[in-house]
Amino acid sequence: MANPKPEELIRINHVPPKQAWMDTRPDFRPGMFCYASKAKSLEYVGMPNPRQWSVKDEDWHLPENWQEIFIEGLRERVDKYRSFRLFLDICVRCGACADKCHFYIGGGDPKNMPVLRAELLRSVYRKYCTTSGRIMGKIAGARELTIDVLKEIWYYAYQCTECRRCSLFCPYGIDTAEITILARELLNLLGLNIDWIAGPVANCYRTGNHLGLQPHTIKDSFDMFIDDLETITGIKVSPTFNRKGAEILVVIPSGSMFADPGTFTTMGELLLFHELGLDYTWSTFASEGGDFGFFTTNEMAKRLHSKIYAEAKRLKVKWILGGECGHMWRVWHQYHNTWFGPVDYLEEPVSPITGTRFENAKSNKTVHITEFTADLIKNGKLNLDPKRNDNLIVTYHDSCNTSRGMGLLEEPRFIINNVCNNFYEMPENTIREQTFCCGSGSGLNASENMEQRLRGGLPRANAVRHVHKKYGVNMLACICAIDRAVLPPLMDYWVPGVAVTGVHEMVGNALIMKGERKRTTNLRGEPLPGMEGEEDV
Amino acid sequence: MGLLFSFFAVAILGVIAFVGVRSIHLHYFFGVIIPYLAFAVFIVGIAFRVLKWARVPVPFRIPTTAGQEKSFPWIKSSKIDNPFTSFGVIIRMALEVLVFRSLFRNTKMELRDGPQFTYGSTKWLWMAGLAFHWTFLVILTRHLRLFFEPVPFFVEILETLDGFFQVGAPVLYITDLIFLGAVTFLFLRRVIIPQVRYISLASDYFPLFLIGAIGTTGVLMRYFLKTDVVGIKELMMGLITFNPVIPAGIGTIFYIHLFLVSALFAYFPMSKLMHMAGVFMSPTRNLANNNRAALHANPWNYPVKAHTYEEYEEEFRDKMKSVGLPVEKE
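Chain order of the listed sequences is S and L. Under the numbering used here, the first residue of the first sequence carries the number 1, and numbering increases by one thereafter. Under the numbering used here, the first residue of the second sequence carries the number 1001, and numbering increases by one thereafter.
For reference, chain S alone in the conformation it holds in the complex:
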């Protein structure tokens, strides 16, 4: 299906309709939603109600007692999550969150105002879980859970990327991500998932990664990286896999093993680890740092990530180094320790190169790769030539999860400033903790919902466009695998002429290695600045 042209898409009406929101039904417009989950994906992991169904069909093939299941599930969860109950109770509808959501900004659908998206579920909560709602009904903002209401909750639960930008501005810290996470959990009780999430979840359970890469495929992928790196640098790196007794287990998002430009980030990491002589191993089993289970249920999230620590234990490593990925780090930083701790079979992470103790990771023993590399650079352990990245005019996109669910803001910037000479920030209300989502997070990076993604990504793209015009920015750096997958088409659509890179790709380019041959191309095989005539033939 063809996407609307940018000049059509940008005509956005932010004024809500006359008709009250409770009286308007969702319009399932192609391009604005993802395909329904397949039976076999749900079956593989034993999730409820596996069946073939389609969003456009009238009948979603729900269990007979679907209402009861949903409401019981809701009651159970407001007793398990204080966040959930509190956030359903205390919103005053001040509207501060309204124009903070990228989907509302880029689409204008009033039900994408975080407050209203939450009200969709809140109204049901009032009806079935509060006395005033039960008695007063609509006047108390309560409504029956009808099939239309359920469909509406589904439609908008998959139009939120759990980016938490709204929660930053809420005077009570109400976090729509929390509402969406639990709404999706309730929907999953009825088998109402999307294919783009359910598929990767099933893959990940079986093969250890979302893409379903089997061990030999992963090995093949790395063999290609090794060949390419040898061509570019003259150095043959020799990574190990599933090796017992290594000091460090490295886990990255599987997207970076398979698809450009993420693969260049992995190649950069391979060069870095080789140059350091790091005693580390990859794992073909713990081959996914991300966790699409997090976009279904808490239980599924935990089931998928059990492998990380299990593998660290089996391989008897000391600690875990995690790659560039967004939601992976929300999970690793805010959930891992609670799920699996105390992790006393590992050791407090210490950089074997600098001796720095990673105090902030002493309990769950996972270090972010930009923390690791920033420490190396600060201690003068890397020989870098930023001029090799002189063809790049770089800006940096903070991914939602590492900024608002962690606070990893300076480390990547410190690295970027050391590996390239031209770095410009986007406007201040669009970066750091106020960063805008790529528009495709939380499992919404499918292709059938491209219009939704282009709209959701518009605020980010618009800020890039600003620095593209002002400073000639031609490279958008990020530390998230979903970003690297979805920002290139977003840029092509809104800001042609801007490419996307991981931070460690630039590190790999700038890194002067012992015994390397004179480099003429970067990791992408493009000529380095000043080497345009000297490509290998």
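Read the hints as simulated data drawn from the structure, not as lab findings. Every residue gets a Cβ at the ideal spot worked out from N, C-alpha and C, and that includes glycine. It is possible that part of the hints are untrue.
[What the hints assert, rightly or not] Footprint (simulated), chain L over chain S, 3 or more residues, beta carbon under 8 Å:
#1 105–113
#2 173–180
#3 301–313
#4 370–377
#5 476–482
[To be verified] If you anchor each label on the Cβ, the simulated ranges turn out as follows:
#6 T1184/L x K469/S: 40 to 50 Å
#7 G1324/L x G525/S: 22 to 32 Å
#8 T1184/L x V15/S: 17 to 27 Å
#9 V15/S x T1122/L: 15 to 25 Å
#10 I135/S x Y1028/L: 25 to 35 Å
#11 F1164/L x K469/S: 49 to 59 Å
Once you have looked at the hints, place chain L on chain S.
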């Protein structure tokens, strides 16, 4: 619908008190029984709601981090907006509760030609919210004059400051003006801004009208209708010493005011006004961002069924061996 419903609901409350006192002479009912009941509902209701929240576990540590994390000594971390310690959390919460830190960040999105989105700072909601809540608190505190003899020193200081401009007799309290202005602003933005109007429910208009009516009757009493303050104080002191009396000669307007206040007290625990207590319990604000350094326990954490390495190797052993990957079982 919500707007009209709320308006008439508050109007009816006023009429009930007026008729009840003026025509049916239920002074004791409106002056003693209702306030006692309302206050009891207020206290018990809030306690009930807070305990209900408190009983629900906080399974995960999910602060919204609004600044740089604590990592290395050479990177300046944001100790308040992204607190690592309990002390940082206390400051963050204090700023949140006392000066509405998060709302202070508010921006306004505009789509301009270019096309270009801008997100300029906007402080109106923050200012009005702050003015509303703080003047409400000052006015409430000033009312303590009616409950204590002698009048507590801080109440007198507050009154002096509040009446600093010495305008009129009785002296005009600046907070009265700001309070009514802020309530009006909050109401107007709710009806004028299309998005806010769209999301507004009866439960958003009702407290605004109720609080507005309380403020208005209070102002009428103090500046225009001249009620018997000595009698009112006698009544209030009777109430708090559990020795209720109904002095003669207190104007009906006072009973209307008191009834509306009672309505607010009784309504409070079942309404969104509970944000007053809830804000303290918000897990995205009141937790330190130290998840990787300290274990946060989830009381209902339970073991889950996971795919084990053994199962994985079982399925892929041949493929693993074919590319030279080590295996546990040959």
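A quick look at each hint next to the structure:
1. 105–113: This one holds; 3 residues, not fewer than the three required, reach chain L with a Cβ under 8 Å.
2. 173–180: Held - the region 173–180 of chain S has 4 residues with a Cβ nearer than 8 Å to chain L, which meets the minimum of three.
3. 301–313: holds (count 7)
4. 370–377: Coverage by chain L holds here, the residue count being 3 at a Cβ distance below 8 Å.
5. 476–482: violated (count 0)
6. T1184/L x K469/S: 40 to 50 Å: 43 Å, holds
7. G1324/L x G525/S: 22 to 32 Å: 27 Å Cβ-Cβ, so the 22 to 32 Å window holds.
8. T1184/L x V15/S: 17 to 27 Å: 24 Å, holds
9. V15/S x T1122/L: 15 to 25 Å: 18 Å, holds
10. I135/S x Y1028/L: 25 to 35 Å: Once the Cβ atoms are compared, 29 Å apart, the range 25 to 35 Å for Y1028/L and I135/S holds.
11. F1164/L x K469/S: 49 to 59 Å: 52 Å, holds
Hint check: a violation occurs at hint 5 only; the rest are consistent with the structure.
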